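Engineer: Sequence lines, in order, name chains D and X.
Take 378 as the starting number for the first sequence in my numbering and just add one per residue.
Take 10 as the starting number for the second sequence in my numbering and just add one per residue.
Note that these hints are calculated values from the structure, not bench results.
Just so you know, these numbers come straight off a predicted model, no measurement behind them.
Where hints are given, some of them may not hold.
Stated by the list, open to error - Under 8 Å between C-beta atoms, here's a sample of chain X residues computed to sit facing chain D:
#, residue
1, Gly76
2, Ala80
3, Arg83
4, Leu114
5, Gly118
6, Asp145
7, Val196
All residues carry an ideal CB built from backbone N, CA and C; glycine is no exception.
As a plain string of letters, each chain reads:
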Amino acid sequence: MTEMLTTDFMQRALLAAVLIGITAPAVGLYLVQRGQAIMGDGIGHVALTGVSLGFLLNTSPVWMATLVAAAGAVVMELIRERGRTRGDIALAMLFYGGMAGGALIIKLAPNGSMANLTTYLWGSILTVSASDIVTVVVLAVLVVAITVGLRRQLFAVCQDEEFARVTGLPVRLLNLLLAVTAAVTVTVAMRVVGLLLVSALMVVPVAAAQQVTRSFAATQALAVGIGVVVSLGGTTASYYQDLPPGPTIVVLAMVLFGLIGLLAVPLARRRHGSGAAARDLRLPAPRSGSDPAGAVPDDEQRLSPGTSLAQ
Amino acid sequence: MTTAPAISLHGAVAALGGRPVLRGVDLTVQPGEVVALLGANGSGKSTTVRTVVGSVPLQRGTLELFGTPYARFRHWHRIGYVPQRTTAASGVPASVREVVSAGRLSRHGLLPLRRRDREAVDRALSAVDMLDRAGDGVADLSGGQQQRVLIARAMVGEPDLLIMDEPMAGVDLASQQVLAGTLQQEVARGAAVLLVLHELGPLEPLIDRAVVLSDGSVAHDGPPPPSGRGYPRQSAGLAGLPDDDPALLTGQGCHPQASDDHHRPRTTAPGLLP
Ligand SMILES: Nc1ncnc2c1ncn2[C@@H]1O[C@H](COP(=O)(O)OP(=O)(O)O)[C@@H](O)[C@H]1O
Ligand SMILES: [Mg+2]
Numbered sequence: 378m379t380e381m382l383t384t385d386f387m388q389r390a391l392l393a394a395v396l397i398g399i400t401a402p403a404v405g406l407y408l409v410q411r412g413q414a415i416m417g418d419g420i421g422h423v424a425l426t427g428v429s430l431g432f433l434l435n436t437s438p439v440w441m442a443t444l445v446a447a448a449g450a451v452v453m454e455l456i457r458e459r460g461r462t463r464g465d466i467a468l469a470m471l472f473y474g475g476m477a478g479g480a481l482i483i484k485l486a487p488n489g490s491m492a493n494l495t496t497y498l499w500g501s502i503l504t505v506s507a508s509d510i511v512t513v514v515v516l517a518v519l520v521v522a523i524t525v526g527l528r529r530q531l532f533a534v535c536q537d538e539e540f541a542r543v544t545g546l547p548v549r550l551l552n553l554l555l556a557v558t559a560a561v562t563v564t565v566a567m568r569v570v571g572l573l574l575v576s577a578l579m580v581v582p583v584a585a586a587q588q589v590t591r592s593f594a595a596t597q598a599l600a601v602g603i604g605v606v607v608s609l610g611g612t613t614a615s616y617y618q619d620l621p622p623g624p625t626i627v628v629l630a631m632v633l634f635g636l637i638g639l640l641a642v643p644l645a646r647r648r649h650g651s652g653a654a655a656r657d658l659r660l661p662a663p664r665s666g667s668d669p670a671g672a673v674p675d676d677e678q679r680l681s682p683g684t685s686l687a688q
Numbered sequence: 010m011t012t013a014p015a016i017s018l019h020g021a022v023a024a025l026g027g028r029p030v031l032r033g034v035d036l037t038v039q040p041g042e043v044v045a046l047l048g049a050n051g052s053g054k055s056t057t058v059r060t061v062v063g064s065v066p067l068q069r070g071t072l073e074l075f076g077t078p079y080a081r082f083r084h085w086h087r088i089g090y091v092p093q094r095t096t097a098a099s100g101v102p103a104s105v106r107e108v109v110s111a112g113r114l115s116r117h118g119l120l121p122l123r124r125r126d127r128e129a130v131d132r133a134l135s136a137v138d139m140l141d142r143a144g145d146g147v148a149d150l151s152g153g154q155q156q157r158v159l160i161a162r163a164m165v166g167e168p169d170l171l172i173m174d175e176p177m178a179g180v181d182l183a184s185q186q187v188l189a190g191t192l193q194q195e196v197a198r199g200a201a202v203l204l205v206l207h208e209l210g211p212l213e214p215l216i217d218r219a220v221v222l223s224d225g226s227v228a229h230d231g232p233p234p235p236s237g238r239g240y241p242r243q244s245a246g247l248a249g250l251p252d253d254d255p256a257l258l259t260g261q262g263c264h265p266q267a268s269d270d271h272h273r274p275r276t277t278a279p280g281l282l283p
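Bound-form chain X, shown alone:
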């Protein structure tokens, strides 16, 4: 029954603030597949992902989720989403458990939290190694810990598709390892994953396919860049990708200077940055 792709986006055209941002993006993610969405800053990765979850309307193109056209899609519990963001905190204190429980709303909706929901929250918290901090305020956590909380929030509904926008950005080494382990378990469970990344880093072994965006169009869709190389770095790093792809190379100059996580202090994993 679930042989339809988890995500099937065709010819996506979208604009933000009147400015065209996506110019015909095609993106397919099969059930159980792990796809990395790469590209320079501003190439439209977040916009693509936000189109898929319906936050950015399509001007042209089609979107199907699990074989259902977006307009008729109701099975939101099948999707777990980690937005790209700065913090999990907001104007009023909220505990780690409260933030993660919000992800469970995809299961219980307007009804109260049930026992199996509480158990799922505990499981998700222990998967990201934050169960002991469940009662703490999210504002008291480090950036990496907050990111773990947001990932637990996405996982807690036990989705068939996880969509994560730069889950590793600004995350300390310890949290990166926890996240990589968590993701591995989710993949083993059979979940499909769409990951927006700057560099493959510790997630590299999990990735089946890479889609590279450049200026709102797909510049590459195929095997991930060769081992040990993030995209886009030096020309040598692109050796495994088609050479005759000029669009692919244009984004190159922006990186790594424009990288969001370039200026992270010492806590960064040593091998991940230039």
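This is chain D alone, in the form it adopts within the complex:
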């Protein structure tokens, strides 16, 4: 353990791991809340074009990826805002375009090769350079300030956008801020976790935490805790066992998800035993103008967390 800590690259990798473990779930929470769990994945695909552009233009791939990913995230947010009908396909195009663009542009770069891209795709503890770590720290501090400092505001916007607008919050600005923050998080995390699995670290700790929490703040805190544990654990394992860190971290997160799930069963039983009075659960008014209320059998009218908020 101490031996691991004396190597420069490992100190940097562990610091990066902690920051990633904090930021990825802290942002992912809002994406999950709004049913956009997959958005981090899309940003990761787009960021690949940025990485390749960085090689081509001989600038920092991390900064270039941040720029391109942020632009991609803003476009995704604008598509979401416009409405869903054609949005699905537009998003798919953006994802595939980002991936294909990245693979092609790297071929044009004078000293670029697919091998360069591979470490960005799957992550590596060897590649966090001294200059990278400064970038990562600065960006991570920004992400934490936004996701924790504006928790109530972002919660309101992701929980019920229409209501948030009527409170006078700058909803559009907050949505764009969240999109850019998610993009920054992806590029913070990509060196260690890799672009292909970055989204898992945004989503799985949140999914794991919410099995046992009842409030949003507690979910954020627990998800961040889980994120830090799995990124440190995965990075360490990858040092000793020569495993790719990204997949190791994600598998660890999945294992924790399962363990917490097992723990949650008796807990939920106890909670529901005490809340037996809440048996009259059923959906109130279904959206007007759509199907007649009676179409849903009574026993299916339980309120589920996934039920759409939109009226």
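With chain D's structure known, arrange chain X with the ligands on it following the hints.
Structural biologist: Here is chain X with the ligands on its own, set in the frame of chain D:
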């Protein structure tokens, strides 16, 4: 200073998905006045309300809130809104207190929650009799309890105008009584209220005026339908309304079969349904 109407909507024309939904709606709510917005399913009640809060853009017509044109209106803390919905829950657990606190953002905006905000949250929670459930997840509540939470969220900013879209739909009897009591206090405090309702029910004594929509136009604007009768029910129920109003009668056939809350199980207030 506040003699201007709380809501002044004139000639509102709006479309959803390219389909015209409002065809020139006029709606005025004076300060302190309680107005019921009635009409069959699909007549445009929710769309009218969403136009008033700015969620649906006006194609034609004008909207003023407290005497200020909508485009220049900034005093959102003066408005409390309860959207028509299925649940207060979302993809991630949220506590009752967290959901209600969101309503207080109209007061503290991008700044952190202050002490007086916390106190207001406690007051709103106890007004709807949910203070003891403050730490519980909203997803663990019944439909009626969730509705109480959403109403507390609308009240917590201490608004001068409450806009509620079907607050009684799918709500059990106990919650209906709590809600009626809460609303009464808000009215006594001087708040104006715009209520979208299927039936007047237990709120009837509070209502000053009824506006009835039919197919995106106002079919009636005046005294609420006579005692004990919701709108629209049987022809007898319309006795107090102008007879020469054909538009009013067209919506009638849709109800009560199309009513959202028609199929509610036994928890419904006995006197409220046919
Ligand atoms: N998002 C939408 N796109 C297209 N049409 C809609 C949409 N929402 C509602 N409508 C239609 O607009 C009409 C009025 O809807 P609404 O205002 O919700 O009625 P109400 O609240 O009176 O039941 C209905 O015919 C409904 O089908
Ligand atoms: Mg409606």
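Engineer: Compare the structure with the hints numbered earlier in the document and write down the numbers of the violated ones, lowest to highest.
Structural biologist: 1, 2, 7
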